[in-house]
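Q: So you can see what is in the structure, the chains are spelled out below.
Protein chains: 2
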Amino acid sequence: MEKPATTDHPILDVLTRRWSPYAFADRPIEPKKIRSLLEAARWSASAFNEQPWRFIVATKDDPDGFAKALACLVEPNRAWAQHAPVLILTVTRPTFTRNDKPNRVHLHDLGLAAQNLIVQATGMDLFAHQMAGVLLDKVREDYGIPQDYEPATAIAIGYGADPAELPEDVRAKEEAPRSRMPLSEFVFGDNWGEASPLVTTS
Amino acid sequence: MEKPATTDHPILDVLTRRWSPYAFADRPIEPKKIRSLLEAARWSASAFNEQPWRFIVATKDDPDGFAKALACLVEPNRAWAQHAPVLILTVTRPTFTRNDKPNRVHLHDLGLAAQNLIVQATGMDLFAHQMAGVLLDKVREDYGIPQDYEPATAIAIGYGADPAELPEDVRAKEEAPRSRMPLSEFVFGDNWGEASPLVTTS
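As given, the protein sequences belong to chains S and A, one line each in that order. In terms of our numbering, the first sequence is residues 0 to 201. In terms of our numbering, the second sequence is residues 0 to 201.
Possibly wrong hints are sitting among the right ones.
Which copy is meant is left open, so a pair is good if it fits within one copy or across any two.
Unchecked claim - Here are the simulated DSSO-like cross-link-like pairs (lysine-lysine), alpha carbons at most 30 Å apart as the crow flies: (1) K31 with K2; (2) K59 with K100; (3) K137 with K172; (4) K100 with K172.
Since the hints were made in silico from the structure, they are not lab data. Quick caveat, the model's predicted, so the values are computed rather than measured.
The shape of chain S in the complex, shown without the other chains (with noise of 0.2 Å):
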């Protein structure tokens, strides 16, 4: 399945089509393309080029390596993550090596190399699903992720599937129709709170 933004602006045809199914094919992802993943997350920017991202892959093809992974997802996650044929579980270091000094930015430069590594999926023909709901204590104990590391989110990856086989209300989300705010609500001006006219213009 396919679901694609529905654009007021032209935008690259790999951002257009990015989207968080629920449904994921049978179908294992070749490793050499869980390699490009990684490296497009490897080349993002972050502050200090500290790359504070760790990854955690587990493929279905290690069942037992999977299955360590999928039980750090909270239930709702894991009932169609299971599916898919890969997943990565996100860590952040929180300070900067060089100095021990806090790194306020952590987390938004994982979000740079995980949206990297996403539109690097797109490009492959597969789907990516981000969590948060994430049961990080169990991540910290299964996995002895040390202190000065913080595990942070989770990403479900493979190829797309008909959403006919999804459970009812899963279902149900997966064919709503996509939504978010207009621009004039999130892109200001000079002043806080008013539309740049920049976006009320066309």
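Assemble the complex: chain S is given as a structure, and chain A must be docked to it using the hints.
A: What follows is chain A alone, placed relative to chain S:
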């Protein structure tokens, strides 16, 4: 100037070309391209579709507005970012609108949106340079940001330029090779700190 990533595994051209320069050409960005940048950010994913991102956009054809935004950067960033035709100050909402509970991933989700914007920029032959070095209190005061929002980062955007015009110290950074950790240092399998077999074979 272009400075493509030297990738170990193939990634999309638009991700290879993404790079954060210090030199920007003295050329405005077409308003319709600015709208496409923001539209790309608009369609990124976020926890509970909260869309916690807000963007304050300043362009050089409004000199007062541009000066106001520029003054919110730390001085070393002002030195080069003053030459970009567009500056964006980013702001996030750290709580969910629906229930006012903390949104643990608000900065992460801003990062997703920022990277979408930056990929779109690269796709339109623009360059973007993100900054964590922002005078956060000054943004809050000068723009009247309410307490339920937080200033976060800045992004300078424009067309590329010859680094020959840059001051000596910045020019050295501009021309230095790009570097990143190898995948084996940040992609793990079942055990924290041990490279995933996916990235040690090829």
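Q: All hints, please: hold or fail.
A: Now for the hints, and whether the structure bears them out:
no.: 1; hint: K31 with K2; in the structure: both (26 Å within a copy, 24 Å between copies)
no.: 2; hint: K59 with K100; in the structure: neither (38 Å within a copy, 35 Å between copies)
no.: 3; hint: K137 with K172; in the structure: within (28 Å within a copy, 41 Å between copies)
no.: 4; hint: K100 with K172; in the structure: between (42 Å within a copy, 23 Å between copies)
The structure shown violates just one earlier hint, number 2.
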